[in-house]
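Undergrad: Okay, here's what each chain looks like letter by letter:
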Amino acid sequence: MELRVDKKRLTFAAVIAGAVLTTVGFVLAFLVAPPVLADTTLASGGGAMIGGELIANPVLFSQKIFYFHVPVAITSFIIFFFTALYGLRFLMTKDKAFDTKARIATEVTLVFVVLTMITGDLWTRFEWGKWWVWEPRLTTYFIMMMLVIVYFVLRASIEDEERRAVYAAAFGILAFLDAPLSFLITRLVPSGNHPVVFKVGGGLDAIQVTTSVVALLGMLCLGYAIYQMRFREERAKERIEALKASLED
Amino acid sequence: MDPVLKEIYSLVVPAAPYVIAAYAVLWVGLFGYIAVVLGRLGRIERELHVVEEAVARKGVTAGS
Amino acid sequence: MPDAAAAARRVSSWRQFKAILRKDIVMELRTKEMLTSMSLYALLTLVVYQIALSQSGSGFDIRLIAAGLVWLAFVFTSMLGLNRSLVHEKDQGCLEALLLSPVDRPVIFFAKSIGNLIFLLIVEIITVPIFAVAFMSGRPIAGPFWMIVLSGLVGSIGIAGVGTFLATMAVNARGGSFILSVLFIPLMYPALLAAVAGTSAAVLGGPGYVDMFWRSVGMGAGIDAIMLLAVYGLYEFIVSA
Numbered sequence: 001m002e003l004r005v006d007k008k009r010l011t012f013a014a015v016i017a018g019a020v021l022t023t024v025g026f027v028l029a030f031l032v033a034p035p036v037l038a039d040t041t042l043a044s045g046g047g048a049m050i051g052g053e054l055i056a057n058p059v060l061f062s063q064k065i066f067y068f069h070v071p072v073a074i075t076s077f078i079i080f081f082f083t084a085l086y087g088l089r090f091l092m093t094k095d096k097a098f099d100t101k102a103r104i105a106t107e108v109t110l111v112f113v114v115l116t117m118i119t120g121d122l123w124t125r126f127e128w129g130k131w132w133v134w135e136p137r138l139t140t141y142f143i144m145m146m147l148v149i150v151y152f153v154l155r156a157s158i159e160d161e162e163r164r165a166v167y168a169a170a171f172g173i174l175a176f177l178d179a180p181l182s183f184l185i186t187r188l189v190p191s192g193n194h195p196v197v198f199k200v201g202g203g204l205d206a207i208q209v210t211t212s213v214v215a216l217l218g219m220l221c222l223g224y225a226i227y228q229m230r231f232r233e234e235r236a237k238e239r240i241e242a243l244k245a246s247l248e249d
Numbered sequence: 001m002d003p004v005l006k007e008i009y010s011l012v013v014p015a016a017p018y019v020i021a022a023y024a025v026l027w028v029g030l031f032g033y034i035a036v037v038l039g040r041l042g043r044i045e046r047e048l049h050v051v052e053e054a055v056a057r058k059g060v061t062a063g064s
Numbered sequence: 001m002p003d004a005a006a007a008a009r010r011v012s013s014w015r016q017f018k019a020i021l022r023k024d025i026v027m028e029l030r031t032k033e034m035l036t037s038m039s040l041y042a043l044l045t046l047v048v049y050q051i052a053l054s055q056s057g058s059g060f061d062i063r064l065i066a067a068g069l070v071w072l073a074f075v076f077t078s079m080l081g082l083n084r085s086l087v088h089e090k091d092q093g094c095l096e097a098l099l100l101s102p103v104d105r106p107v108i109f110f111a112k113s114i115g116n117l118i119f120l121l122i123v124e125i126i127t128v129p130i131f132a133v134a135f136m137s138g139r140p141i142a143g144p145f146w147m148i149v150l151s152g153l154v155g156s157i158g159i160a161g162v163g164t165f166l167a168t169m170a171v172n173a174r175g176g177s178f179i180l181s182v183l184f185i186p187l188m189y190p191a192l193l194a195a196v197a198g199t200s201a202a203v204l205g206g207p208g209y210v211d212m213f214w215r216s217v218g219m220g221a222g223i224d225a226i227m228l229l230a231v232y233g234l235y236e237f238i239v240s241a
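Chains as they are written, first to last, in the working numbering: chain H, 1 to 249; chain U, 1 to 64; chain B, 1 to 241.
Heads up, some of the hints might be wrong.
[What the hints assert, rightly or not] Computed, partial: chain B to chain H, Cβ under 8 angstroms: (1) Met-169; (2) Asn-172; (3) Arg-174; (4) Tyr-189; (5) Met-219; (6) Ile-223.
It is worth saying that the hints were derived from the structure and are not from the lab. Even for Gly, the Cβ is constructed at its ideal location relative to N, Cα and C.
Take these sequences, add in the hints, and give me the full structure.
TA: Below, the structure written as structure tokens:
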């Protein structure tokens, strides 16, 4: 009981910390972090003089998306790791709680993956003028989103509870392995018509890194909080079912 | 129009809708989801409370 | 003494493997059900390609997409075959019987995978010449023929191994073949991309294509190794659940 109260407090603290940190990250991104200068655009003639400084990249504002886009993407991948981890632990222990945990981790992954896709795509639309480009990162995320959705399709199609848990665990592990492989293969097998893989400038300075880290910590807190809340909800549901069953006896 | 301002606006304004949309989607998405989950959680924990009481009552009547 | 026991066990594993594989092949030779349906399906896919390409004109260089088209045909054909091979096992209660018998689970996995690989390769051997005659006339492939064979082999091993695993899951799920395809395609994405890149390099040629070929095939082999290892480790859980 003591532990549960602590978890509750921790979750609450994580929501607050997440809100504060993402807000601080937001403020830092827009008010403090200097623009990332890409020297590639200088060669093509783009550039502007602002405040007596030659600013190479003419589209400075759109890069502000990255201060939230990258942390969300990293968070989604970290949570996806827990899908595989809990899946593995379920297979080793056959403890139903791990199955629930893996399922919820996948659900939170889906939320973060979708947010990654949307924010990334808005940047793509502005910077490249297209809603969709089969660029390594985009492709990888698309495949990862499909895998996460398919995870739920698989679960929905199996009635037997134990079998569903085992299959979902196995698929979760495979899917987690698959995501980095997709990234590797899309990077290392260029097909000639891929656009140049974008990079955030040549090196980031301290304040830019700080901003990203603050936003990342905020996103991780939010991810943890959502996960904990969803887990408590599932536990409460299970408890209600058990109690109702005992009432009917 | 002041050329400096024009230059500055040309750098910021075209990207603004996309940047604003990205942040809006993110925040609304995350905190909206948290709000929905919190609401559901509250309802379910209330329900759990009711069911627990019912079980306790039943236990008392069965015991007496 | 323990050595002898271990040796006996190894031999018996090998025998079990051969027995399961022989069972699949004998059954197939008797009914010819899977091979005919898979080959027919592959041929019909080619017909669909003809429809799709019918307006492309004579100037269109099919070689640009030939590797992709061929692999597409293999993907859909293999899904059909994989689903069938496991549905058979389940319908006739063969899988349960195998599980009751003291056969090692990995042996079952390898025997089924190799069986599926053999059938897939046979269909490929039938399909590729027909594709070449029907679509590639007058447009010779640039690389040596063994490159096509090698990239085909690397891709097919991945398809057969991971596919057998996923088909075992799919037969126990509602809507088996649908589930197989939605599990199979995203999970096989990296392996298929590597296979298409390798085959495409061999078909298209161009500067540095040998390098490109080896990089793709090497990555494809690496992906196969990782996925097969994972699938091999997980098969025991799947099959006994």
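Undergrad: Run every hint past the structure and note whether it holds.
TA: Now for the hints, and whether the structure bears them out:
1. With a least beta-carbon distance of about 5 angstroms to chain H, the hint placing B/Met-169 at the interface is held under the 8 angstroms criterion.
2. Annotation: interface hint on B/Asn-172 holds; nearest CB of chain H at approximately 6 angstroms, less than 8 angstroms.
3. Residue-level restraint check for B/Arg-174 holds (minimum Cβ-Cβ distance to chain H is 4 angstroms; threshold 8 angstroms).
4. For B/Tyr-189, the shortest C-beta to C-beta distance to chain H is roughly 5 angstroms, which falls under 8 angstroms, so the interface hint holds.
5. Residue-level restraint check for B/Met-219 holds (minimum Cβ-Cβ distance to chain H is 6 angstroms; threshold 8 angstroms).
6. With 8 angstroms as the threshold, the beta carbon of B/Ile-223 comes within range of chain H, its nearest partner Cβ sitting at about 5 angstroms, so the hint holds.
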